[in-house]
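Kindly generate the complete structure, drawing on both the sequences and the hints.
Chains as they are written, first to last, in numbering that gives the first Met the number 0: chain A, 0 to 348; chain B, 0 to 261.
Treat the hints loosely; a few may be bogus.
[Claimed, not checked] Here are some, though not all, of the chain A residues that point toward chain B, as calculated from beta-carbon distances under 10 Å:
{"no.": "1", "residue": "T114"}
{"no.": "2", "residue": "P171"}
{"no.": "3", "residue": "I190"}
{"no.": "4", "residue": "D192"}
{"no.": "5", "residue": "L195"}
{"no.": "6", "residue": "A198"}
{"no.": "7", "residue": "A201"}
{"no.": "8", "residue": "D205"}
{"no.": "9", "residue": "A209"}
{"no.": "10", "residue": "C212"}
{"no.": "11", "residue": "I222"}
{"no.": "12", "residue": "G268"}
Note that these hints are calculated values from the structure, not bench results. Bear in mind the structure is a predicted one, so any value in this text is a computation, not a measurement. For each residue, glycine too, the CB sits at the ideal point set by N, CA and C.
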Amino acid sequence: MGNLSFKNMSHGGKLRAALLILALIFPFFPFVSEYLLHIVILIYLYMILSLGLNIVPGFNGLLDLGYVGFYGIGAYTSGLLTVHFGLSFWLIIPLALINGAIWGFLLGAPTLRLTGDYFAIVTFGFSELVVLFLTNEIWLTRGPLGLPGIEPISIDFSLFGGPKWEFVGELPYYYLAIVMVLVTVFVMYRIQDSRLGRAWFAIRDDEVAAVSCGINLLTYKVIAFAISAAFGAMGGSFFARWVTFLSPDMFKFWESFLVLCMIVLGGMGNIWGVMIGAVVLVSLSEILRDLLPLLGLPVNVRFLAFGLIMVLMMRYRPAGLLPIPAVAAQMRAGRVKRKKRKVTVGTKK
Amino acid sequence: MTPILQIEKLSKNFGGLEALRNITFDINRGEIVGLIGPNGAGKTTLFNCVAGIEKPTKGQIVFTGSDHAIHIGGKKPEVVTSLGIARTFQNIRLFDNLTVLDNVKIGRHCRTRATFFSAVARTRGQQAEEKNITKNANEFLEFVGLKGRGDEIASSMPYGSQRRLEIARALATAPHLLMLDEPAAGMNPQESSDLMHLIRSIRDKGITVLLIEHDMKVVMGVCERVVVINYGQWLAEGKPHDVQNDPKVIEAYLGTGAANAA
Numbered sequence: 000m001g002n003l004s005f006k007n008m009s010h011g012g013k014l015r016a017a018l019l020i021l022a023l024i025f026p027f028f029p030f031v032s033e034y035l036l037h038i039v040i041l042i043y044l045y046m047i048l049s050l051g052l053n054i055v056p057g058f059n060g061l062l063d064l065g066y067v068g069f070y071g072i073g074a075y076t077s078g079l080l081t082v083h084f085g086l087s088f089w090l091i092i093p094l095a096l097i098n099g100a101i102w103g104f105l106l107g108a109p110t111l112r113l114t115g116d117y118f119a120i121v122t123f124g125f126s127e128l129v130v131l132f133l134t135n136e137i138w139l140t141r142g143p144l145g146l147p148g149i150e151p152i153s154i155d156f157s158l159f160g161g162p163k164w165e166f167v168g169e170l171p172y173y174y175l176a177i178v179m180v181l182v183t184v185f186v187m188y189r190i191q192d193s194r195l196g197r198a199w200f201a202i203r204d205d206e207v208a209a210v211s212c213g214i215n216l217l218t219y220k221v222i223a224f225a226i227s228a229a230f231g232a233m234g235g236s237f238f239a240r241w242v243t244f245l246s247p248d249m250f251k252f253w254e255s256f257l258v259l260c261m262i263v264l265g266g267m268g269n270i271w272g273v274m275i276g277a278v279v280l281v282s283l284s285e286i287l288r289d290l291l292p293l294l295g296l297p298v299n300v301r302f303l304a305f306g307l308i309m310v311l312m313m314r315y316r317p318a319g320l321l322p323i324p325a326v327a328a329q330m331r332a333g334r335v336k337r338k339k340r341k342v343t344v345g346t347k348k
Numbered sequence: 000m001t002p003i004l005q006i007e008k009l010s011k012n013f014g015g016l017e018a019l020r021n022i023t024f025d026i027n028r029g030e031i032v033g034l035i036g037p038n039g040a041g042k043t044t045l046f047n048c049v050a051g052i053e054k055p056t057k058g059q060i061v062f063t064g065s066d067h068a069i070h071i072g073g074k075k076p077e078v079v080t081s082l083g084i085a086r087t088f089q090n091i092r093l094f095d096n097l098t099v100l101d102n103v104k105i106g107r108h109c110r111t112r113a114t115f116f117s118a119v120a121r122t123r124g125q126q127a128e129e130k131n132i133t134k135n136a137n138e139f140l141e142f143v144g145l146k147g148r149g150d151e152i153a154s155s156m157p158y159g160s161q162r163r164l165e166i167a168r169a170l171a172t173a174p175h176l177l178m179l180d181e182p183a184a185g186m187n188p189q190e191s192s193d194l195m196h197l198i199r200s201i202r203d204k205g206i207t208v209l210l211i212e213h214d215m216k217v218v219m220g221v222c223e224r225v226v227v228i229n230y231g232q233w234l235a236e237g238k239p240h241d242v243q244n245d246p247k248v249i250e251a252y253l254g255t256g257a258a259n260a261a
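As structure tokens, this is what we get:
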């Protein structure tokens, strides 16, 4: 797993290449409307978000309920820098990444000593704090009025006497989103196979054993949190320049929960599973938006549907649609293995 | 030569409970020392104090890994590991969802230094280091007798192999002193005799071994010296056979009167 190169192409490799080609030619299918393209971009955005969040619960085993806070920080960083300073998007991306990481560090460093639920509550509080800040600090964010008139992304060579090409319609955003997803997936794969990734997995599986292998828990958790926050902010910076309007209620707790659901649904810790989770939940949300009124139900019933799906998942596929192989094997063999182990202690060499 | 580990007047209280009281003993370089005592005597607490998981209430722990003596009492466990003390656990603690090879690779953590950026950029240094980690990890797996099983998932291995894997992971941290907490627990006679062989070959690599063990065959077979503690206090120390016949030790294990009968 984890080889995106075209050399020694395996089954999985072919599948990946096929999916990428499909994604690249997708906008040219005759049935694809602007609306559909918009939804697919939304899927890509949520892929970035869920891949970023996945680092914390999936790789480190920590529950993070405040991810949307970093998403909001990234979005407003991008929005404000555009409105006030007219910065180019290509400059904003690294700035938003850094700003996200800084806030991830500031939140993580003092609070990551907390374990389990306590940490989850702190992150939840943080995301509420971000929303309150965005709502009340009117001098900076215009509060509930929102931040309209954010310029769309452009590729500008006018400084060098070249042309300026502004992003119009969904198509350029579509390809930009693909590039951002690919970069995110690339980074995730590189981390997964590295010393850093292994340290995270060790922390997830057994903290005491991790410590006795020389891993400093706090340091590695803070790194995880900062990197995760940076990707959230990157998603946010794209979001701001794509929808060109921001308001605080876009960053309510519900968004954190939705991204977390994608991870749980897809398979915590598995890069492909997490992306599938994003595809399923975003498309489901859109389908229900059309379907529910036809059935004479209010649109918000879809939140109930999400809850129902999560309950069913926990009952029938607790490890997710596409879990990490080991977790899947454990869940499957759970009861059988425990019985077998008792026997093997005494008899098998 | 200075002892590799000097424990001086070590005490550990949990609230009102004195888990360890005034324990003093040394471990010499290149020895295999057994730490024995009845259940609840404080053996694992002593291990935890040395490994940095528990903070000693009083007393000193001095570790002389390579050149100079360092007070490790109260130091953080990851620091103790990087100084050169590795351990295994009484109830096996592996990284269950990871492969056998990855488990050992994680042991190399404190001897390597690649960061996030070098991992993403896959710099030449990082690649060389990764290669080295894999090579080392495979060597340690071969050393404990798990060659060719690196791709299995750790939790799916049989019990005895998990014990060996834990030892391989501990060895991967390149320790001067290896502490084994009941390595033979739950093993059959064949497995424990293989384990004794393994412990001797670890010592032959120049690593000092301290082990807690209840299986007396293993203790008698492999240890050169035995330290006995009881109710958190030092009780006896010496060659396995002398300790075995020490009336105090027999009394501690079997109760008053047993010593006279023996």
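*Would the hint on P171 (chain A) stand, with a C-beta cut-off of 10 Å toward chain B?*
26 Å, violated
*asked:* Given A198 (chain A) as an interface hint, is its Cβ closer than 10 Å to any Cβ of chain B?
replied: 6 Å, holds
*Taking the least C-beta to C-beta distance, is G268 (chain A) closer than 10 Å to chain B?*
It holds, given that the least Cβ distance between G268 (chain A) and chain B is near 8 Å, below 10 Å.
*Supplied contact hint for D205 (chain A), tested at 10 Å Cβ to chain B*: 5 Å, holds
*Verify the interface restraint on T114 (chain A): the C-beta must sit less than 10 Å from at least one C-beta of chain B.*
Violated. Min distance 15 Å.
*Does the CB of A201 (chain A) sit less than 10 Å away from some CB of chain B?*
5 Å, holds
*So, D192 (chain A) near chain B? Judge it on the closest CB pair being under 10 Å.*
With a minimum Cβ separation of about 8 Å from chain B (threshold 10 Å), the hint on D192 (chain A) holds.
*Against chain B, with CB atoms and a cut of 10 Å, does the hint on I190 (chain A) hold up?*
6 Å, holds
*Against chain B, run the beta carbon of A209 (chain A) and see if the smallest gap drops under 10 Å.*
7 Å, holds
_Restraint satisfaction for L195 (chain A) [CB to CB of chain B, less than 10 Å]_ = 5 Å, holds
_Cut-off 10 Å, beta-carbon criterion: hint that C212 (chain A) touches chain B_ = 5 Å, holds
*Satisfaction of the I222 (chain A) interface hint, Cβ to chain B closer than 10 Å*: With Cβ-Cβ at 6 Å, under 10 Å, it holds.
Hint check: violations occur at hints 1, 2; the rest are consistent with the structure.
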